[in-house]
Amino acid sequence: MILIADSGSTKTEWNLIDEAGKISVSITSEGLNPYFLSEDEIAVVISNKVLPKVSQVETVFFYGAGCGMPQKAAQVKRAIDRVIPTASGAEVSGDILAAARSLLQHESGVACILGTGANSCVYNGREIQEGVPSLGYMFSDWGSGTVMGKDFLSLLLQGRLPQHISKDFEDVYQLNRMQIMESVYNKPMANRFMASFTPFLLKYAEEDCVKEIILSNFRNFYEYYVLRYKESQKNRTVSVIGSVAYHFNTYLVEVANELDIKVAKILKHPMEGLIGYHKSALSVSH
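Letter 143 of the sequence shown, counting from 1, is numbered 142 in numbering that gives the first Met the number 0, and no numbers are missing.
Possibly wrong hints are sitting among the right ones.
Each computed DSSO-like pair below joins lysine-lysine, with the alpha-carbon atoms no more than 30 angstroms apart [to be verified]:
| hint | residue 1 | residue 2 |
| --- | --- | --- |
| 1 | 233 | 264 |
| 2 | 202 | 186 |
| 3 | 267 | 278 |
| 4 | 233 | 10 |
| 5 | 264 | 10 |
| 6 | 267 | 210 |
| 7 | 278 | 71 |
| 8 | 233 | 48 |
| 9 | 52 | 267 |
| 10 | 278 | 264 |
| 11 | 21 | 48 |
| 12 | 71 | 48 |
Hints were generated in silico from the structure; no laboratory data involved.
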């Protein structure tokens, strides 16, 4: 049986897949980001939450936020191998490979993430061939919930939004200027705070000022994350995964059409596609 995990910073989804390619066990544990948890802490979570519910695990595929750097992936791998020893050891990869395998399966192409943050890669049907520097919301991440939230808050704090939008924001969130500044500059997880306003942006997406934030972000997203690759300049096709891509798909496709780019697929979460990818690999090996 194979165990597949998709881990964000807040939660991890685990699925045990049997020989027939069916899910035999599903488990949710806390997020296992190696930037926030030590090897021992990760091992304890797996030991307490996952180990009692799984058996006969032959291979573990773990995809996680924070696992793109080899030393961080190694930290998670050691923790898994300690608790769930398998013949080949766990394969630990970053969330961008999860996106690529989920979206493209065994085909080559350009895959992107568009959620709280943003990322992209060129994928050959098995591994990542080329990537883009992931610089965070200060220097990149256009189109992400964080940057669109930041751009919206800028207009709000500068008093440049129509009054009915500002008033509704106050009524919904009960936040004043000082509280917003405090959350952005002094509290942890400022990225999540700023991304939390994307449902409000969606509500007012047809208002000119908000629509401009969305469209300009997606233009920058395509310029930086897609058109920099020779692969996408040639084929002009992209697949995207993540909550922002899913909920703002109309605008994502509108800007793609402007730039003569075809959006082949949009998914909200990677797990279903990952199960499909590893199921087909399972049937090839058996």
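Here is what the structure says about each hint:
1. With a C-alpha separation of about 18 angstroms, the suggested pair residue 233 and residue 264 falls inside the 30 angstroms cut-off, and the hint holds.
2. Taking the CA atoms of residue 202 and residue 186, the gap is about 27 angstroms. The hint holds against a cut of 30 angstroms.
3. About 20 angstroms separates the Cα atoms of residue 267 and residue 278, which keeps this hinted pair within 30 angstroms; it holds.
4. A C-alpha spacing of about 37 angstroms is found between residue 233 and residue 10, which places the hinted pair above 30 angstroms, so the restraint is violated.
5. Between residue 264 and residue 10, the direct Cα distance comes to roughly 25 angstroms. Compliance with the 30 angstroms bound is thereby established for this hinted pair.
6. Among the hinted pairs, residue 267 with residue 210 is consistent with the structure: their alpha-carbon atoms are about 21 angstroms apart, no more than 30 angstroms.
7. Between residue 278 and residue 71 the CA atoms are separated by roughly 27 angstroms; this keeps the pair inside 30 angstroms, and the hint holds.
8. Between residue 233 and residue 48 the CA atoms are separated by roughly 46 angstroms; this puts the pair beyond 30 angstroms, and the hint is violated.
9. The straight-line distance between the Cα atoms of residue 52 and residue 267 is roughly 27 angstroms, inside the 30 angstroms bound, and the hint therefore holds.
10. The straight-line distance between the Cα atoms of residue 278 and residue 264 is roughly 20 angstroms, inside the 30 angstroms bound, and the hint therefore holds.
11. Between the alpha carbons of residue 21 and residue 48 the distance comes to roughly 21 angstroms, so the proposed pair stays at or under 30 angstroms and holds.
12. About 21 angstroms separates the Cα atoms of residue 71 and residue 48, which keeps this hinted pair within 30 angstroms; it holds.
Checked against the numbered hints above, the structure breaks hints 4 and 8 and satisfies the rest.
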